[in-house]
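Peer 1: Same order as they appear, the protein sequences are chains A and B.
The number in my numbering is simply the position in the first sequence, starting from 1, with 78 added.
The number in my numbering is simply the position in the second sequence, starting from 1, with 463 added.
Hint data in this document are derived by calculation from the structure and do not stem from the laboratory.
Hints are not guaranteed to be accurate.
What the hints assert, rightly or not - Computed footprint of chain B on chain A, listed as stretches where at least three residues anywhere in the stretch have a Cβ under 8 Å from a Cβ of chain B: (1) 99 to 109; (2) 153 to 166; (3) 196 to 205.
Stated by the list, open to error - Cross-link-like lysine to any residue pairs, in silico, SDA-like; alpha carbons within 20 Å at most: (4) 621(B) - 150(A); (5) 621(B) - 145(A); (6) 621(B) - 515(B); (7) 163(A) - 150(A); (8) 101(A) - 721(B); (9) 621(B) - 100(A); (10) 101(A) - 694(B); (11) 207(A) - 637(B); (12) 101(A) - 616(B); (13) 145(A) - 694(B); (14) 163(A) - 613(B); (15) 207(A) - 606(B).
Unchecked claim - Pair ranges (Cβ atoms, derived): (16) 151(A) - 724(B): 51 to 61 Å; (17) 167(A) - 573(B): 29 to 39 Å; (18) 99(A) - 721(B): 27 to 37 Å; (19) 559(B) - 144(A): 36 to 46 Å.
All C-beta atoms in this analysis are idealised placements derived from N, C-alpha and C, irrespective of residue type, glycine included.
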Amino acid sequence: MRDRARMPSRRGARMPSRRGAGKLESEVLAALWAASGPLTTAEVQLAVDAELAYNTVQTILSRLYEKGLVGRSAEGRRHLYRPIKGAEELAAEQMQALLHRGPDRQSVLQRFATSLSEEDAEALRAMLKLRRRPR
Amino acid sequence: MTVSVYVPVALSVLVAVISRVMVARLSPTRGTVITVVGAAVLCAAGTTWALVLLALTLLGFTPLAVAEATERGVVLVQPVPGVVGALAAVALVFGLARVVRVARTRWATRRELRELCRSCAPGELAVVPVAEPHAFAVPGRPGRVLVTQGLLALLDGKERRVVMAHERAHLTGRHSGLRAAVEVCAAINPMLVLVREAVAFLVERNADEHAATVSGSREVTARALAKAALAEANGSRQAALGFIACSVNARVAALQAAPPRPDRLLPGGFLILGLGTATAAVQATLAFYHLIHWLWLG
């Protein structure tokens, strides 16, 4: 991280060594999933981190394509990328089932978390605004 | 025996109260978390053993033993009232039943999460097309980060990095194991519920701090956390999971403050209390042994 902050990023810069390639793959994949439609390499770069080198993004995308995690279609001279969906619909059903389990199971999941009350949400909004103004 | 057998109980209360009071002030380093978990485990083990000893006194004062003692002209001084022994036995049975239940539910939930991940494409990241914002760390070999599409769409690139770093911290720090340990402790000794909650919070804070380091910005980390939590509040009534954990406000506040400095004294205090419990348990065992020895061998 620090390396990247010091060095101005440029086209063709090497892959940041500090952050593993696997982590970058996850970030690129996450950006594709977050988008509402297929993205070009430049759009992916912007969605992940504008400071990231274009070539790095390109490399990651082709690696994801080779792994079969990302689909590619040509649009003129550019490529459009989208996440390949496997049995994710099934996973969504499984997750809904998990989230709506009985109180016993919920308590294990809720160990991870509890929902935010209306007052807490209000307080949280206030905290964020207070923080943003002085900057 | 009479005094030391009750010491573990007293010390667990102390550990629970201290963890409740100090949780917000503890610096959430891995060492601190492990120390608190260790103290909880020692307390749970100490109290359980104390209960076993108390329950065993029931055996020592069966009519047979009493009759034999009278025959030998020994006057039995009952150090533990029979009621206490019986209560201890009941508490022990209930505690064990709760442990089994907790372990089963945890096991089943984890298995379901793993299955869910298997339905997704391979790799570290598993994305589920669900609109509600959720993120989980799914331990395993290798561990995976499970997020909903809704959460990803809600955040920008840097905030997504925060979420992934947070969940990764749970995986590399083996937080789920630590939480399972305190959960079992709390199941067997309900006084330790406070410690369980404290550990749950500390573990989230630890992951938050890690995410702040990785993303290079405490502000972005706080924003990602708040965004996810607020989206959750606006959306369904469903409990938020993983990244959007309990007392989000306290976590955001901690991220907006200066980075925590590691403290040395407090974890030591926890450890001393835990060791105190263990020592008392050992002492009680020795006393128990002497009692048995005296009862049956002269």
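Peer 1: Each hint should be assessed against the structure and marked as holding or not.
Peer 2: Results of checking the hints against the structure:
Requiring three or more residues with a Cβ within less than 8 Å of a Cβ of chain B, the coverage given for the stretch 99 to 109 of chain A holds, as 8 such residues are present. Only residues whose beta carbon comes within less than 8 Å of a beta carbon in chain B count, and the stretch 153 to 166 of chain A has 6; three or more means the coverage holds. Counting residues of the stretch 196 to 205 of chain A whose CB lies closer than 8 Å to any CB of chain B gives 7, so the stated coverage by that chain holds, three being the minimum. For the proposed pair residue 621(B) and residue 150(A), the alpha carbon gap of about 25 Å is over 20 Å, so the pair is violated.
At roughly 25 Å between alpha-carbon atoms, residue 621(B) and residue 145(A) are farther apart than 20 Å, so this suggested pair is violated. Note on residue 621(B) and residue 515(B): the hinted pairing is violated, with a Cα-Cα distance of about 53 Å set against a maximum of 20 Å. Among the hinted pairs, residue 163(A) with residue 150(A) is consistent with the structure: their alpha-carbon atoms are about 13 Å apart, no more than 20 Å. Proximity of residue 101(A) to residue 721(B) is assessed by CA-CA distance (about 27 Å); at most 20 Å being required, the pair is judged violated.
Restraint check: the Cα-Cα separation between residue 621(B) and residue 100(A) comes to about 16 Å, which is no more than 20 Å; the hinted pair holds. For a cut-off of 20 Å, the pair hint linking residue 101(A) to residue 694(B) is broken: about 25 Å separates their Cα positions. Among the hinted pairs, residue 207(A) with residue 637(B) is inconsistent with the structure: their alpha-carbon atoms are about 35 Å apart, more than 20 Å. For a cut-off of 20 Å, the pair hint linking residue 101(A) to residue 616(B) stands: about 18 Å separates their Cα positions.
With a C-alpha separation of about 33 Å, the suggested pairing of residue 145(A) with residue 694(B) is violated against the 20 Å cut-off. Between residue 163(A) and residue 613(B) the alpha-carbon distance is near 15 Å, which keeps this suggested pair within the 20 Å criterion. Note on residue 207(A) and residue 606(B): the hinted pairing is violated, with a Cα-Cα distance of about 36 Å set against a maximum of 20 Å. For residue 151(A) and residue 724(B), the Cβ-Cβ distance of about 52 Å falls inside the hinted range of 51 to 61 Å, so the restraint holds.
Against the hinted window of 29 to 39 Å, the Cβ-Cβ separation of residue 167(A) and residue 573(B) comes to about 22 Å, which falls outside the hint. Separated by about 33 Å at the C-beta atoms, residue 99(A) and residue 721(B) satisfy the suggested range of 27 to 37 Å. Residue 559(B) and residue 144(A) have their C-beta atoms about 52 Å apart, which leaves the hinted 36 to 46 Å range violated.
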